[in-house]
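**Student:** One letter stands for each residue in the lines below.
Number of protein chains: 2
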Amino acid sequence: MDGDGAGGGTVVRPVGGGIGELLRLPPGGPVDLGAIDPGATPGLPGGDVTGERRKAWARAQVGLLGAELGRQQEMLFANAKAGTSTRRVLLILQAVDCGGKDGTVKRVAGALNPLGLHLRSFGPPTPEELRHDFLWRIRRALPPPGYLGVFNRSHYEDVLVARVESLVPEAIWRDRYDEINAFERELVDSGVSLVKVLLHISYAEQGRRLLERLDDPRKHWKYDPSDIDARARWDDYRAAYAEALSRCGTDVAPWFVVPADRKWYRDWAVAHLLRETFDTLALGYPPAGFDVRRERERLLGSVQRMKVNGR
Amino acid sequence: MDGDGAGGGTVVRPVGGGIGELLRLPPGGPVDLGAIDPGATPGLPGGDVTGERRKAWARAQVGLLGAELGRQQEMLFANAKAGTSTRRVLLILQAVDCGGKDGTVKRVAGALNPLGLHLRSFGPPTPEELRHDFLWRIRRALPPPGYLGVFNRSHYEDVLVARVESLVPEAIWRDRYDEINAFERELVDSGVSLVKVLLHISYAEQGRRLLERLDDPRKHWKYDPSDIDARARWDDYRAAYAEALSRCGTDVAPWFVVPADRKWYRDWAVAHLLRETFDTLALGYPPAGFDVRRERERLLGSVQRMKVNGR
Numbered sequence: 000m001d002g003d004g005a006g007g008g009t010v011v012r013p014v015g016g017g018i019g020e021l022l023r024l025p026p027g028g029p030v031d032l033g034a035i036d037p038g039a040t041p042g043l044p045g046g047d048v049t050g051e052r053r054k055a056w057a058r059a060q061v062g063l064l065g066a067e068l069g070r071q072q073e074m075l076f077a078n079a080k081a082g083t084s085t086r087r088v089l090l091i092l093q094a095v096d097c098g099g100k101d102g103t104v105k106r107v108a109g110a111l112n113p114l115g116l117h118l119r120s121f122g123p124p125t126p127e128e129l130r131h132d133f134l135w136r137i138r139r140a141l142p143p144p145g146y147l148g149v150f151n152r153s154h155y156e157d158v159l160v161a162r163v164e165s166l167v168p169e170a171i172w173r174d175r176y177d178e179i180n181a182f183e184r185e186l187v188d189s190g191v192s193l194v195k196v197l198l199h200i201s202y203a204e205q206g207r208r209l210l211e212r213l214d215d216p217r218k219h220w221k222y223d224p225s226d227i228d229a230r231a232r233w234d235d236y237r238a239a240y241a242e243a244l245s246r247c248g249t250d251v252a253p254w255f256v257v258p259a260d261r262k263w264y265r266d267w268a269v270a271h272l273l274r275e276t277f278d279t280l281a282l283g284y285p286p287a288g289f290d291v292r293r294e295r296e297r298l299l300g301s302v303q304r305m306k307v308n309g310r
Numbered sequence: 000m001d002g003d004g005a006g007g008g009t010v011v012r013p014v015g016g017g018i019g020e021l022l023r024l025p026p027g028g029p030v031d032l033g034a035i036d037p038g039a040t041p042g043l044p045g046g047d048v049t050g051e052r053r054k055a056w057a058r059a060q061v062g063l064l065g066a067e068l069g070r071q072q073e074m075l076f077a078n079a080k081a082g083t084s085t086r087r088v089l090l091i092l093q094a095v096d097c098g099g100k101d102g103t104v105k106r107v108a109g110a111l112n113p114l115g116l117h118l119r120s121f122g123p124p125t126p127e128e129l130r131h132d133f134l135w136r137i138r139r140a141l142p143p144p145g146y147l148g149v150f151n152r153s154h155y156e157d158v159l160v161a162r163v164e165s166l167v168p169e170a171i172w173r174d175r176y177d178e179i180n181a182f183e184r185e186l187v188d189s190g191v192s193l194v195k196v197l198l199h200i201s202y203a204e205q206g207r208r209l210l211e212r213l214d215d216p217r218k219h220w221k222y223d224p225s226d227i228d229a230r231a232r233w234d235d236y237r238a239a240y241a242e243a244l245s246r247c248g249t250d251v252a253p254w255f256v257v258p259a260d261r262k263w264y265r266d267w268a269v270a271h272l273l274r275e276t277f278d279t280l281a282l283g284y285p286p287a288g289f290d291v292r293r294e295r296e297r298l299l300g301s302v303q304r305m306k307v308n309g310r
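If you read the protein sequences in the order shown, they are chains B and L. Sequential numbering of the first sequence, starting at 0, is according to my numbering. Sequential numbering of the second sequence, starting at 0, is according to my numbering.
Pulled out of the complex, with its shape left as it was, chain B reads as follows (with noise of 0.2 Å):
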């Protein structure tokens, strides 16, 4: 980390190998989500700043992520324009409430060009949704070759509110595992990379958060009060996930736990997830589809036509 604070003008890389490695749940293992702290900062260069010098400086990084992470949406746009490609990047972001999936959507998402973005939120499922196979309206949410997807919420959900809160019985949930890992085996194979992201928060951040948003009235409308009754099933809510990520983490399709206590520190690790996506695809410009020369001639042909006619 350099030392002024509000951020010089290059990305720097995270410590340690990459944000990846350093956050990747091994696939296949058991999960313990107790033993990761939500206040770590996993990745984050060290050096002399400290406190709220560090914050900025996250925040300026994440803006500049922005940049570079929207040249290579233009390039994965422009390969899927010029039919050399099917390349799609899929960001999947799951957290409990509060646990932060708005905010990184805003920050994150927001520092990228809405043009090559496809934000898809899930809520509950309308009374179409509920009479298809819960996967039904997760592919026609998926994104088009050539755009970055990102998923505020997802199938996941069918297999963690509706398992707490028993929406269905436990003969189906428990099935949902496998669909899940063999329909996303079948999106890998088509071209997708999938970044799924669990944001960690801690029992305590959720109840300063929940503060907040009945101590702000600018805040309420944020606030539903089943939003307690599912804070009493937390240990449900954390038996469920520990499960989702252990079954449903693989070699194609790993869980990534982003410690989200810090808001900032999550945001940064998030944007350099995507980054090292980009760059396992290693993207270029695709090639003209035209001969330049001849349509360089064509258009100086027009501008010459424009001082004839005086336009």
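Treat the hints with caution; some may be incorrect.
Where chains are identical, the list cannot tell them apart; a pair therefore holds if satisfied intra-copy or between any two copies.
What the hints assert, rightly or not - Within a straight-line C-alpha distance of at most 35 Å, the following computed DSBU-like cross-link-like pairs (lysine-lysine) qualify:
| no. | residue 1 | residue 2 |
| --- | --- | --- |
| 1 | 105 | 221 |
| 2 | 54 | 262 |
| 3 | 54 | 221 |
| 4 | 80 | 54 |
| 5 | 218 | 80 |
Note that these hints are calculated values from the structure, not bench results. Since we're looking at a predicted model, the values are computed, not measured.
Following the hints, put chain L in place on chain B, whose structure we already have.
**Tutor:** Quick look at chain L alone, frame taken from chain B:
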């Protein structure tokens, strides 16, 4: 305009009345686009800042406007969620090739909160779209209540390219002006604030931007040889735009012509048009739909349990 070039911390209002007043075409009158200078900067505060510093100032102002618009978006969204309003805002962007639609989306929509943004781009109609009335795909793309919608091209293509390229018989496109007016009145009556913008560039500026696309291999993907064909019909497009703006500029849904040869002015003007539109809505936050004191007690009880359970 203050003198610090990089922009101060506050949004400076346009001079000479609202930017909408300055850029709105008087509804019902004839339209002479040739009389509007594409390089002009109406409403831009004067002072002693010029050249590159003026550009940097305007860019910084767009960033500040983005934050202000983000707060307006949030109130719009909060009211829709609370069920107290069905209001929404829809920005419609039209322009010839290279007119700056994508750039405006990137710079202005990119400064907003993606969570409250509903961006849709319209290309040539698909076979499915062609089987329906020309407004069918438009209706499906409208922003839900609470969202700021942005249309990158729109139903106006059906009286522009459809007319100039003779994609439908004249009798068909001639009827569309009235159909568009009826449709837009319906939208306004249902709570949509329409902001219809023509990004107005010169023939010379289009030539410069096309040449840039040909001379930079990273921009080849944006170029299509048909762009030169359309450029050869510049006067036909100009006439088609003039009639669309004249016939479909109404009291409830006027047209705004934004001089767009200077990209930084274009973005600044469009951002202010949005700000002024939100100002007319006089939004506030909705009241809480629950008993705040009671919820606070429930929450503090859950914090107490945290200490007992050691979470």
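**Student:** Of the numbered hints stated previously, which ones are contradicted by the structure, given in increasing order?
**Tutor:** none
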